[in-house]
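Asker: Just need the whole structure built from these sequences, with the hints factored in.
Quick note on the numbering used here: the sequence shown kicks off at 2 and runs consecutively.
For the record, the hints were derived by calculation from the structure and aren't laboratory data.
Careful, some of the hints might be misleading.
[To be verified] DSS-like, lysine-lysine: derived pairs with alpha carbons at most 27 Å apart: (1) Lys223 with Lys359; (2) Lys3 with Lys348; (3) Lys336 with Lys251; (4) Lys359 with Lys322; (5) Lys222 with Lys348; (6) Lys185 with Lys27; (7) Lys111 with Lys78; (8) Lys226 with Lys259; (9) Lys356 with Lys153; (10) Lys359 with Lys226; (11) Lys322 with Lys127; (12) Lys348 with Lys359; (13) Lys226 with Lys337; (14) Lys111 with Lys26; (15) Lys223 with Lys185; (16) Lys223 with Lys336; (17) Lys259 with Lys337; (18) Lys322 with Lys337; (19) Lys78 with Lys127; (20) Lys336 with Lys222; (21) Lys348 with Lys153; (22) Lys195 with Lys259; (23) Lys222 with Lys234; (24) Lys3 with Lys78; (25) Lys222 with Lys251; (26) Lys153 with Lys127; (27) Lys153 with Lys359; (28) Lys27 with Lys356; (29) Lys127 with Lys222; (30) Lys185 with Lys195; (31) Lys26 with Lys3; (32) Lys336 with Lys226; (33) Lys234 with Lys223; (34) Lys234 with Lys348; (35) Lys252 with Lys226; (36) Lys226 with Lys251; (37) Lys195 with Lys26; (38) Lys336 with Lys26; (39) Lys336 with Lys234.
Keep in mind that this is a model prediction, so the values were computed, not measured.
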Amino acid sequence: MKRIAVVYGTRPESIKLAPVIMELKKLPNIEVLVVVTAQHREMLDMMNRIFGITPDVDFDLMRERQSLEDLSSRALKRLSSLYEEVEPDVVMVQGDTTTAFISALAAFYKRIPVAHVEAGLRTNDKYSPFPEEINRRLISHLATFHFAPTAKAAENLAREGITENVWITGNTVVDALLWMTREKRAELDTAFSKFLPNFNCGSRVLLLTMHRRENWGEPMKKALKAIRQVVEKEDDLLMVYPVHPNPVVKKIAFEVLKGVPNIVLTDPLDYLTLIAVMSRSCAILTDSGGIQEEAPSFGVPVLVLRETTERPELIENGFGKLVGTDPVRITEELKKLLRGEFSPEGKGNPFGDGKASKRIVEALVSHFR
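Answerer: The structure is reproduced here in structure tokens:
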């Protein structure tokens, strides 16, 4: 019996690891230990409920206005003690969060192999995204097993000298999305109408998400003002902005956008409702990584509110454009999009086919044979 500790702390991690956890639990010779740090408490709990996952260990580390240093130090101590106690054969992490990096670091200190899901994403700008770019680079050099979502991600690893135990698997977010549309079809059909009961069927929906740390402050304020100026002039457009719970983000969002009749500011949406809104959107503006990967499944064009993206496949396959936070660029591209001058040219989702989790589990289990 091999024990795999799967560690995560945020909603994106839980979405992308849920299909892997479900695959692992099908195997009689694998014990799965689900460990959550609760870096994002409410958003994480919401996802665990949807996927039917009950954590075995919950550190509940979230504190109001916690710094990266505070979160990191507390997580490192708790995870180190846990690894000593349960002695996992492998620690699995996903992506580039502080939880993922500290989990991998604690495992490395205990000489426990690390399996990295979504390995190899790079912008090659250490401050964009911050701190995620450095987190994922460091995880790559701590990890033993590297599950790259695309060929480009694997090429990034090779350029850093990482060529052993690298598998190109596709991205597990596509697995999660397909699972939701298959297993939660009825709920998805009603989620949109429950969220927007008075929605005019003749209107268009624009989805906005913006929360990245490197966009906090003036960049976010300028971007939101530009978006507002375009949206408030479009009578047949309703913009939905699920506002991240971080106090810095909430303050700016409500300061700039509150009171505009065709802008809905809401708490973070549960994943069912988010997918329902996404699938009905005419376009998406986002600085989120996960949404860049999900939108192509619905054929929805994306304007990326960042100067760089570690997901170039979105741009190269004609599903999106980089606009950053420059008001002029945002205004120009958003107007083009709303006029129908930009629509996705790509065919199929370049990030996966829904079988990434099976490939990951098969590769990992083959190591134990």
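Asker: Does each hint fit the structure? Answer for all of them.
Answerer: Hints, verified against the model:
no.	hint	verdict
1	Lys223 with Lys359	43 Å, violated
2	Lys3 with Lys348	40 Å, violated
3	Lys336 with Lys251	26 Å, holds
4	Lys359 with Lys322	31 Å, violated
5	Lys222 with Lys348	35 Å, violated
6	Lys185 with Lys27	20 Å, holds
7	Lys111 with Lys78	12 Å, holds
8	Lys226 with Lys259	11 Å, holds
9	Lys356 with Lys153	18 Å, holds
10	Lys359 with Lys226	44 Å, violated
11	Lys322 with Lys127	21 Å, holds
12	Lys348 with Lys359	23 Å, holds
13	Lys226 with Lys337	18 Å, holds
14	Lys111 with Lys26	25 Å, holds
15	Lys223 with Lys185	38 Å, violated
16	Lys223 with Lys336	17 Å, holds
17	Lys259 with Lys337	25 Å, holds
18	Lys322 with Lys337	12 Å, holds
19	Lys78 with Lys127	26 Å, holds
20	Lys336 with Lys222	19 Å, holds
21	Lys348 with Lys153	18 Å, holds
22	Lys195 with Lys259	22 Å, holds
23	Lys222 with Lys234	19 Å, holds
24	Lys3 with Lys78	24 Å, holds
25	Lys222 with Lys251	11 Å, holds
26	Lys153 with Lys127	18 Å, holds
27	Lys153 with Lys359	20 Å, holds
28	Lys27 with Lys356	15 Å, holds
29	Lys127 with Lys222	23 Å, holds
30	Lys185 with Lys195	15 Å, holds
31	Lys26 with Lys3	12 Å, holds
32	Lys336 with Lys226	14 Å, holds
33	Lys234 with Lys223	18 Å, holds
34	Lys234 with Lys348	32 Å, violated
35	Lys252 with Lys226	14 Å, holds
36	Lys226 with Lys251	15 Å, holds
37	Lys195 with Lys26	33 Å, violated
38	Lys336 with Lys26	47 Å, violated
39	Lys336 with Lys234	11 Å, holds
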